[in-house]
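Visitor: Using the hints, position chain B against chain A.
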Amino acid sequence: MPTITFSFKDFQQLLGKKLTVPEFEDLLVLYAKAEVEKYDKASDEVTLKLDDTNLPYLWCPEGLARFFRGMLGISKGMQKFKAKSSGYKVTVEDSVKAVRPFITAFVAKGRKIDDYLLKQLIQIQEKFCESYGRRRQKTSIGLYAYGKISFPVHYRAVEPSSAKFVPLGFDHPMDLNQVLKMHPKGQQYAWILKGASKYPLLQDNKGEILSFPPIINSSTTGRLKTGDSELLFEATGTDEESVSLAASIFAHNLAERGFEIFSATISYKAKSETTPSGKTLKISITPEFIEKVTGLKLSAAEARQLLAKAGYECAGNQAIVPDYRADIMHSVDVAEDVAIAFGYDNIKDEPLKSYTIGMPLAAVQKVNNLRKAVVAMGFQEIFSHILTDKSSLIGSAEIIELENYMSETYSAVRNSLLPQLLDVLSRNKHTDYPQKVFEEGTVSARNGSKIMEWHSLALVSAHSKADFTEQKQHLSAILGSLGAQFAIKPTEHAAFIKGRAGSIIVDNETIGVIGEISPAVLSKFGIEMPATALELNLNLLFQQ
Amino acid sequence: MTTEKTAEIAASLHRLERAVLPHISKLSSVEDVVVAARMQEVEVLRALQWLQNKGLAKLTEKIEEIIRLGENGKNYAKSLLPEARFLNSIANKPQALAEIKKAANLSDEEMGASIGALMRIKAIEPVAAAAEKTFKITESGRQIAKSGLRAQRFLSGQNFPVGINNLSGEEKNIVTELKKRKDVIKEDVVKKRTAFLTELGKEVLKKAASAAETVDRLTPEMLITGRWKEAAFRSYDLTAPVPRVFFGKLQPYREFLEEVREKFVSMGFEEMTGPIVESEFWNMDALFMPQFHSARDIHDVYYVKEPKYATDLPRQLVKKVKAAHENGFGTGSKGWRYEFSEEKTARLIMRSQTTACSSRKLASTDLKIPGKYFAIGRCFRYDVIDTKHLADFNQVEGIVVEENLSLRHLIGLLKLFAKEFCNTDKVKVVPSYFPFTEPSASLYAKHPELGWMELGGAGIFRPEMVKPLVGSHMQIGRSPIQHRQQPMRIDPRSIAHSASSGIVPVIAWGIGIDRVAMFKLGLNDIRELFSHDLNFLRNAKVV
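Chains A and B, in that order, give the protein sequences.
Under the numbering used here, think of the first position of the first sequence as 1, with each following residue one higher.
Under the numbering used here, think of the first position of the second sequence as 1001, with each following residue one higher.
Looking at chain A on its own, in the form it has when it is part of the complex:
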């Protein structure tokens, strides 16, 4: 979920309409899956949070304005720019195939870049690369001062030690290995190149190094500054569609800011293409399909009108998707855009008509009867987390631990409810006794590669006269209410006093344990009151 900041005045200029901030907020919620996080009146800066993760063209004021120009009817249909063809050329050597095969580029000229615009360019560059470009792996973007570059530009992969340049932020030359080791950006993004024997490099025709994609630009040619009015854009990556999308979005933005766009010819060994390509996706859409998805009955003309609002162009039963969007995978995506353009709040709701029989899970009734029976014996119900501290659990081999836990407190899946009930006692030492607590809930454990999950019911009773007899009374009452005959077989259990721990047997199957909590366990929890407990596997019990 990207967050972006821009000048509200700038946005209104791009939009071509005056708005108040509350009006803008309403529009965002109604159409754009976004909300204003804050607006600073003094600096006129608005900060937005966007829900979408697949619409990077909206992560900048230019794209948002373009979107709303359509939705508000300020401009109609697909918004285009004209890229001039030029002699700019990028040659792509086969050596990049193995590491970072795709590149797009263009040149933009004609407007002085001020502080604000530079900040905006960097913002969309970062958001695009980090989020949509998957931390630069899928796509990374470079911007350069055009004047210092002699075309054609060459994109190749080289031996890491064979190329040396001064990276941004440093004042001495390094080879590519050194950049990965020593430069902060190198350290941050080295993982992308892991395993590659040659690293990507952009050089101009004089051999001057422009950048080491996707890591860092050169400090001599690779820095765009305030006051520059001509720039070179390039995007490299592992995903063809994504680098192409980056070029489209930047070209649209710069064209709308008053730049002239000059396309570049990308010359691969086997093919040659022009970027930004201006290529668009065609997708079939009919009023019938729109009705099926959205329930809206539209004429073909109405559908076309709504599609135009959403920035599409129509050709028969096909919608043409603007080149700055790559999120459209299926006709349902277009149908949703039609519904948004129509306005969700204008869509009349309809009730479900089918008749279905509601029912809870089979065990719910039984579990709830048991819970109520235990409450009737004076127990307070507890509802705990399923994740717990692994050191509080018994039986290391069967515990399901988390690989990437954030804190020890939630580092494993509970395999018993007892530790958490003991935690209740330990946190309430100064609360009135007797303390009788119970919990019913999911526990899970593993047996080799097999994972088991079951409902467990546990009772703990703590007071100065708590003893086995009392707990066995509870057990008889619970099992008696289910008509189950049980036996208790002496057992050894780390939680209980030796000689005062028993397995609970129903129909020759062990379904639980009962006993007096051992003083060692009590003192581990800091409990200063005798306590007894029982725990039942309800899945086994209900099977009986």
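No lab work stands behind these hints, which were simulated from the structure alone.
Heads up, the beta-carbon is just placed ideally off N, CA and C, and yes, glycines get one too.
Heads up, some of the hints might be wrong.
As the list claims (entries may be wrong) - Chain B residues, not near chain A, derived (Cβ > 10 Å throughout):
id, residue
1, Lys-1101
2, Glu-1110
3, Arg-1150
4, His-1293
5, Pro-1314
6, Asp-1383
7, Pro-1431
Claimed, not checked - Subject to a maximum C-alpha distance of 27 Å in a straight line, what follows is the list of computed DSSO-like cross-link-like pairs (lysine-lysine):
id, chain 1, residue 1, chain 2, residue 2
8, A, Lys-348, B, Lys-1419
9, B, Lys-1202, B, Lys-1005
10, A, Lys-76, A, Lys-297
11, A, Lys-353, B, Lys-1005
12, A, Lys-366, B, Lys-1428
13, B, Lys-1428, A, Lys-18
14, B, Lys-1426, A, Lys-297
15, B, Lys-1146, A, Lys-348
16, B, Lys-1426, B, Lys-1520
Unchecked claim - Only part of the chain A face toward chain B is listed, based on derived beta-carbon distances under 8 Å:
id, residue
17, Glu-37
18, Lys-41
19, Glu-45
20, Lys-49
21, Thr-53
22, Met-78
23, Ile-340
24, Leu-361
25, Ala-376
26, Asn-404
27, Gln-435
28, Glu-453
Guide: Leaving out everything else, chain B in the frame of chain A:
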């Protein structure tokens, strides 16, 4: 006070009160009464409390500081203070330091302290002419030696422990001095309770002595023998406080979830479930969330350490889901166009969304069409715990599977939820984004007390998600749905929608139930939903 009244009071005396009463007329200290009445202290105190409530006795409590001797203090009381021993050793003639040390049996430290103390009161003075450092006793020293040092007199003469209030001003000064020394004086704070009878108490005592014996408890034996007919039952003090009793209670948040369950059942929804340790397949891949999706990051989901991989994934279904991700599986979709990893799909994680239950249900052979399903399930997220986030929490969500469902039904369903859970008709349904639904919507409802709140999200499952799952179900011939196989796309830049026309629509929704729960339970901190605070739970209102 009338005689009848005192007689009535006398008749209502409890066994314990009756036992204590005569003793207070003679003794005032509670300790003494305990001894004399041969009762436990708590019993005496309880009786005195009751007597006081009735105006028969007056119980006072004084906090007193008590002085007793520490280990060194006891030694000094018996075998004299170091300076006293010092003084005694030179009582007859001046002595060199080494001699004094030996005779008085003093450590170096005690020597130094003794010299300082004795010089201060001018009891000794050095002998100037001596070769070795030598001290002699002065005239006033002789006086002191005769009568004993003040501190020594105090230590040896007092009967410890002693209340500090019983000491004279001078003795108190000595105590202050001695406290500076290590382990000589110990102080304790004790409660001193005394009781005495009021005038009424004295009268009642007279009556009580002469009253006939009353009966405390009715016994089975009295009923059997009929002896109850002669018995006079003691009257109780019905206003006396009693110990609190805590009745068992269901946990309020869990009860709230039970209500939610009942609500869905009553709306015709059938409950579904799934495991908490789940594979990425059911949790994400089956939902058409691409394997590179940001919500699948190590910083969003908990990974299970061992075992790492599920071994029970349905192979055929995995193949179909893989195809959906890679090329759209003939739904008319482009798909996500990347290489789907069958290893990653088997990776075990902690379920991060109850939607995993929905994907399992859609693929199950007992799926009913039309069908409405819901799940209340625990989910796990890699989040920093604070007032708004938990490591595990409950989600409520579900699906509606039915022919000819559209966005209009989805909006209708959301409005129904707003009515059920927020009791309001004031709703806003706005566009939203979820990776597995298209179209998607969010529901804002105006809660009568909370104001506008985001109550839930919903959408229609993408065809790329539904086709592989429900398709597997249809092959077994249980579905009334016509399923038309479409040719794979030919032009990668042109998408045909007709392929999806045979896919049954599935509305999916989720409700942010925690906020409603917190409001209902009066909580501001989400962590309190799983509170281990017994006072809080025992006193929670029963909602």
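Visitor: Report the numbers of all earlier hints that the structure fails to satisfy, in ascending order.
Guide: The structure breaks hints 4, 6, 7, 11, 12, 15, 17, 18, 19, 20, 22; every other hint is satisfied.
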